Amino acid sequence: MAAASSAHLFGLGDAQMQQPPPPPQQAPPPAQNAATPAPKKKRNQPDPDAEVIALSPRTLLATNRFVCEVCNKGFQREQNLQLHRRGHNLPWKLKQKNPKETRRRVYLCPEPTCVHHDPSRALGDLTGIKKHYCRKHGEKKWKCDKCNKRYAVQSDWKAHSKTCGTREYRCDCGTLFSRRDSFITHRAFCDALAQESARVPSIGAGMYGSGGMALGLSGIAASQLHSFQDQAHSSGGATAITGNAAAQFEHLMPSSAGSPAFRATQQASSSSSPFYLGVAEDGGHQGQPGHTSMLHGKPAYHGLMQLPEQHGQGSNGLLNLGFFSGANGGGQDARLVFPDQFNGAGAGNGRGDGGEHGNSSAAGNAESAAIFSGNMMGNQMAGGAGFSSSLYNNSSETVAPPQMSATALLQKAAQMGATTSGGGAGGSSVNSLLRGLGGGGGALNGRPAGAGAGGFMAGESSSRSTASREESESQQFRDLMNSLSASGGGAGAEFSGGFPGVDDGKLSTRDFLGVGGGVVRNMGGAAGLAMRHGAAGIGMGSLDPEMK
Amino acid sequence: MNMFQDDVVSSATSSPASSLYSPSPHGHVHGSWVQELSQDQQSVRLVGLLYQCAAEVAAGAIDRANFYLEQITQLASLDAPHTLQRLAAVFADALARKLLNLVPGLSRALLSTANSAEAHLIPAARRHLFDMLPFMKLAYLTTNHAILEAMEGEKFVHVVDLSGPAANPVQWIALFHAFRARRGGPPHLRITAVHDSKEFLANMAAVLIKEAEAFDIPFQFTAVEARLDELDTDALRHNLRVRSGEALAISVVAQLHRLLAADDANRRHCLTPLQIIARSSPNSFGELLERELNTRLQLSPDASSALSSLSPQSPVLAAHQRPVAKLGSFLSAVKALSPKIMVVTEPEANHNAATFQERFDEALNYYASLFDCLERASSSSSAAAAAAERARVERLVIGEEIRGVVAREGAERKERHERLPQWARRMQGAGMEPVGLSYGAMMEARKLLQSCGWGGYEVTHDPRGEAFFFCWHRKPLYFVSAWRPAACRQSS
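If you're matching them up, the sequences are chains A and B in order.
Mapped onto this note's numbering, the consecutive letters of the first sequence carry residue numbers 780 to 1327.
Mapped onto this note's numbering, the consecutive letters of the second sequence carry residue numbers 57 to 548.
Note that these hints are calculated values from the structure, not bench results.
Honestly, I wouldn't trust all of these hints.
If we take Cβ atoms under 8 angstroms as the criterion, some of the chain B residues that face chain A in the derived model are [what the hints assert, rightly or not]: (1) Asp96; (2) Val100; (3) Val103; (4) Gly104; (5) Thr139; (6) Leu140; (7) Leu143; (8) Ser253; (9) Phe256; (10) Glu418; (11) Leu420; (12) Ala424; (13) Ser425; (14) Ser494; (15) Gly509.
A quick note: this is a predicted structure, and the numbers were derived from the prediction, not measured.
Ideal Cβ placement from N, Cα and C applies to all residues, glycine included.
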């Protein structure tokens, strides 16, 4: 059965999300209708049955996501790797195609502002979307030696190189143009510039500014959230669960890292929260522990994604370790590392819980975001996820020395300022500590949880959930995990990767209260709303009783 | 910012992190904590310090503001590697100047010499700014496009360039191109430029005349040596050499806000000697003294306006007779000239808020974005020269703007940027109506961004599609909007 989801939010990543266009077969959760302004009507839906696939930029651009562990050869597709593994006499497994589901596939541009990000304008072939994405939103890596014109797609560059110079416009400054209009635009500014620069030494405008995606982050991230919202709206009604639950789980984790970054926007997008449930079909990448988080790391949502990647690589050096592993691994560590700080943040959590009532999980999320940053501050001030993401971004993608943009730092400071005063107001009783953890669980864990809660559970109150968290045991959590991994096929490995602390015993227990509770709740909620997911994962219903 | 003040109060009891974040102002200061903090911690702390300092400056508390400035200067400097550090240094400079303005004699004596020493570098720095950021180019391009469309079919065109320091002959050369390429050939073109530098005007004239000859465009250039805010609005027609029979276009880039300057703070922020003693003595005696002073004057200790009545020159009453900004009379004079179009580019920021702290907050965020743009521009070319250029731009051009927002008061505060909706209200109030900018203009602007490879920038338009925003990572930093006298409607 088709998965409907606008999974973008989280994990989306690389998981291939299938988004059958809006008019959903399932009845949408009621709460969501009230909150969502009427979903955008699609015009000219070409093929309503087409399977809409949203790929993250990383996945889209990846040349060898799937690497053979024996010979390190990389493959673009899971299936190819599996076939290759056969050659090594390694166990291999091809993804079964459901014969009923051989549908046309259309692909979305991962850039949220792009018209092709809308399912109704999806492009029909994978190569096409790749080129589109590179051309329109990518870095222009290929430079013509003759005219310095840059291209993002190698084949464009090759084609240009063949004709460059044969039909040209040359500006006095020496720049060559093959098109008259760009020549004119350039020349208008170039002339006077040249004259004045004779007097004033300066570097030509053209030399500055290299395009690129490595920019900054917070701005991008925020705006992307907006478009998630749009996405959510446009993909209309129902959210269903497909794929295996493990994938979903996996989404829960990394996304927690992102939540603080998006605090503001999430508030704005509260109505779309039901869609946040990151559902991934795609058993494929999960078979590769360690790699998974990386894949996740890639989507346009830098904020969300980069963190997991870092976690996956175990190279947390840049920032506070506790925070990172916590954020990526599911929030447990983060919270455990500096439980004291929760005293301060307790108040914030409390509010967060309240906010989660009804469908307004976004409000809750927003609060929890604040909490999160509170944690971090307590720990080391190393940063709200938004910042850490930008930091990470910078360090990984920009040539510039790793530094956060002044804008990001200002936001970070503002966030921390807010949390601090909130903390000052809050009590520091054990109770609030616990509640804080619980709240944090929902929150850290996620956005996910938040998503789940908002979407599925509509009106479930989190005061209840806090209670249930307190009751739940890490054992239960393990059970949950076991059952998930059992049914999830290759997902087992991944889980252990995702939850490094699971078997560490006492230390993590408290944490699991939060995490377990949050997760359970979501699952339960899902079942309660009679959302049936397909064959692939585990029955949600079965989880429900177990966890409660 | 209240939250930061709260910090101070709660720092003793809450987590160590928050005390690290906001030191108690009367705690002992050591340099050692600086080294203990990571870069990002320092940055976050720096922001906190800036806000705290701004609060103290607003309250006129020299002693406490000085305390924060000391800390800020430990963390920030104009040539620091971190964008935020440089930004903080510029803001600290502005805050210090504002503080110094409490003692106007000192301020004038010190700062006038400091400013003039580097004055000769400013034109070059402006050039670099023009090169490094796309905003001015986008503004010129969009302005030209709007002019071109408004002047369709006109045979005699007079363009008035009121951009002053933000003017650049490049804009008009581009217009030559555009006019020459239009159907029906170029018009007779006259350009009148208003600028306060004779040298600049001479250069502009030479450049444009030569270019117009090359393009074979009938062209006349008129130089008006003046500043926009000093133009006599009663004789605007004469000053701008407006002739009947010519279609008039007015271009004003990042200057119109100067006309909002009014002597609204004519309460001089001066201190009595006794107050200076009170504010500068670090111990409880100072506070005691000040409290005593304040009670005697029946003032609340923290209201910044409290200072107003302390100054002998300015009775409180003056606040009610505040002179109106010049903009109103200017706009009505412009309207009387019945231009076909008036294109206005302004920073999209509200640096004209009523209270100092609002202005400070907005400015800090706005200029952080601009600094990020500059950082981005200079980091992509590795040459050390680029960093030096950027430093000059930050200090001399943008820094001057920041000082204009933060340090100055009253009629001296010329950098009164406001957002598009506020401007739209003002323009409409003056009897102007918006002229929609065309899709073609949008495409041109985007093409310019693309052709120069500027990443992170974009051009968007307002909901009604009448004005454009030039954004850096979604944050609109400038807007362009076009206007004409509302009466124009029937004729066009």
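### Query
Any CB of chain A closer than 8 angstroms to the CB of threonine 139(B)?
Nearest chain A Cβ about 4 angstroms off; hint holds.
### Task
Closer than 8 angstroms between Cβ atoms is the bar; does serine 494(B) clear it against chain A? Give me holds or violated.
Since chain A brings no Cβ nearer than about 16 angstroms to serine 494(B), farther than 8 angstroms, the hint is violated.
#### Entry: When the least beta-carbon distance from serine 425(B) to chain A is tested against 8 angstroms, hint result
5 angstroms, holds
### Query
Holds or violated: is the Cβ of glycine 509(B) closer than 8 angstroms to a Cβ in chain A?
Since chain A brings a Cβ to about 5 angstroms from glycine 509(B), closer than 8 angstroms, the hint holds.
### Task
Hold the hint about phenylalanine 256(B) up to the distance rule: shortest CB distance to chain A must be less than 8 angstroms.
10 angstroms, violated
#### Entry: Evaluation of the interface hint that places serine 253(B) against chain A, nearest CB under 8 angstroms
14 angstroms, violated
#### Entry: Evaluation of the interface hint that places alanine 424(B) against chain A, nearest CB under 8 angstroms
Since chain A brings a Cβ to about 4 angstroms from alanine 424(B), closer than 8 angstroms, the hint holds.
### Query
With 8 angstroms as the cut and Cβ atoms as the points, is glutamate 418(B) at the interface with chain A?
The hint is violated - glutamate 418(B) has no Cβ within 8 angstroms of chain A, the shortest such distance being about 11 angstroms.
### Message
Can you verify the interface hint for leucine 140(B): is its Cβ closer than 8 angstroms to any Cβ in chain A?
### Response
4 angstroms, holds
### Query
For the hint on glycine 104(B), does the least C-beta distance to chain A fall short of 8 angstroms?
6 angstroms, holds
### Task
Answer holds if the nearest beta-carbon of chain A is closer than 8 angstroms to that of leucine 143(B); otherwise answer violated.
5 angstroms, holds
### Query
Would the stated hint for aspartate 96(B) survive a check requiring a Cβ distance to chain A of less than 8 angstroms?
The hint holds - aspartate 96(B) has a Cβ within 8 angstroms of chain A, the shortest such distance being about 6 angstroms.
The structure shown violates the earlier hints numbered 8, 9, 10 and 14.
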